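Work the whole structure out from these sequences, hints included.
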Amino acid sequence: MQSSRTLQGLSKNSKPIGKAYSILSGALANQVSKQTQQQRYSVLANTTTGEQYEGVKDGGIAQQVDLEYDPKYGFKQHNDHPLFTPQPVYTMVQDINNPYTPVKMIALDSTVFNATIRGDILHRCVTYERNSLRQGTHSTKTISDIRGSAKKQASQKGRGKARIGTHRAPQFRTGAVAHGPQPQSHATELQRKVWQLGFRSLLSAKFLQNELVVFEDLKLANFKTRDFVELMHEHGLVSRSEDVMKTNGHMMVLTDAERQCSSESNELKNLQLACRNILGIKMEEATDALLFDILRHKYLAMDLATLRMIEERLKVF
1 MQSSRTLQGL SKNSKPIGKA YSILSGALAN QVSKQTQQQR YSVLANTTTG EQYEGVKDGG
61 IAQQVDLEYD PKYGFKQHND HPLFTPQPVY TMVQDINNPY TPVKMIALDS TVFNATIRGD
121 ILHRCVTYER NSLRQGTHST KTISDIRGSA KKQASQKGRG KARIGTHRAP QFRTGAVAHG
181 PQPQSHATEL QRKVWQLGFR SLLSAKFLQN ELVVFEDLKL ANFKTRDFVE LMHEHGLVSR
241 SEDVMKTNGH MMVLTDAERQ CSSESNELKN LQLACRNILG IKMEEATDAL LFDILRHKYL
301 AMDLATLRMI EERLKVF
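For the sequence shown, position 81 (counting from the first letter as 1) is numbered 81 according to the working numbering, and the numbering increases by one without interruption.
These aren't lab readings, by the way, just hints derived from the structure by calculation. Quantities reported herein were computed from a predicted structural model and do not represent experimental measurements. The hints are all genuine.
The calculated lysine-lysine pairs, modelled on PhoX-like cross-linking and capped at a C-alpha distance of 25 Å, are:
| # | residue 1 | residue 2 |
| --- | --- | --- |
| 1 | LYS269 | LYS224 |
| 2 | LYS246 | LYS282 |
| 3 | LYS246 | LYS298 |
Derived Cβ-Cβ restraints for the label pairs, each shown as a range:
| # | residue 1 | residue 2 | range |
| --- | --- | --- | --- |
| 4 | ARG296 | ALA221 | 26 to 32 Å |
| 5 | GLN135 | ARG159 | 41 to 47 Å |
| 6 | HIS233 | HIS123 | 32 to 38 Å |
| 7 | ALA221 | LYS104 | 16 to 22 Å |
| 8 | ILE143 | LYS193 | 42 to 48 Å |
| 9 | HIS123 | LYS157 | 55 to 61 Å |
| 10 | GLN191 | ALA150 | 44 to 50 Å |
| 11 | LYS298 | GLY136 | 28 to 34 Å |
Note that the Cβ used here is the ideal one computed from N, Cα and C, for glycine as well.
Here you go:
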């Protein structure tokens, strides 16, 4: 048998081949958990002849995977192959007016709702958002801004005291502030794809902690605040022991307001009236939502149309 090396070990100077063989262990296939829900595999390739790898044991399955060789980037795998396709995750769609009647089960894009949770990326995203919200209007007067004459106040020598120039100097009362803050922008830059990665990490964390709630739509029967709070309590999103009217961080509702408000019948009118004076529930358009606000709230709720819109914007091809 000729020597074989893993696909990751192939250098760009290796001889190009047309086939490689992936090995999926039968034991690993039965250990797919909810957190990963992806089949673990390893790809081994013969660098000379492309023959089938002969080391398959213990009921393993060898499947042929087509690879394309690029002189600049090496081998590229076909993403439509079943071994390279992430498995979907599922969630229940609920009716906002009937808490005890599930509507249906839907599949979610695993690249959005089952991604690797990156705490470091979330920290970068929150820091970026918080820096952008800083006003930066703090200001102090320099020596040129102080009212008064710039004439030398006393002679240089002969007084037996320290030499002085103008009374506008920082060491004098009503003088300038030395090295004081000036108006500036505290905004920092962040790559768009890094922020999207942070959003995917946050959505995955909410999904894995069962804190993601999907409604079929957001049409409420009425706009009464008391009825809405009772409805959210029946959904299990608000506790009676907690004062949702006076404390923050209970639930955040994401909407696709641009689509829904453009229609003849405003679907969000009752929801806006019902939750606008509830401190613990915040309603925000999905395109304007901050990751910091989503982190501050325990539950994240949205309708099915908003969910699909977020998936379309964040999915990884």
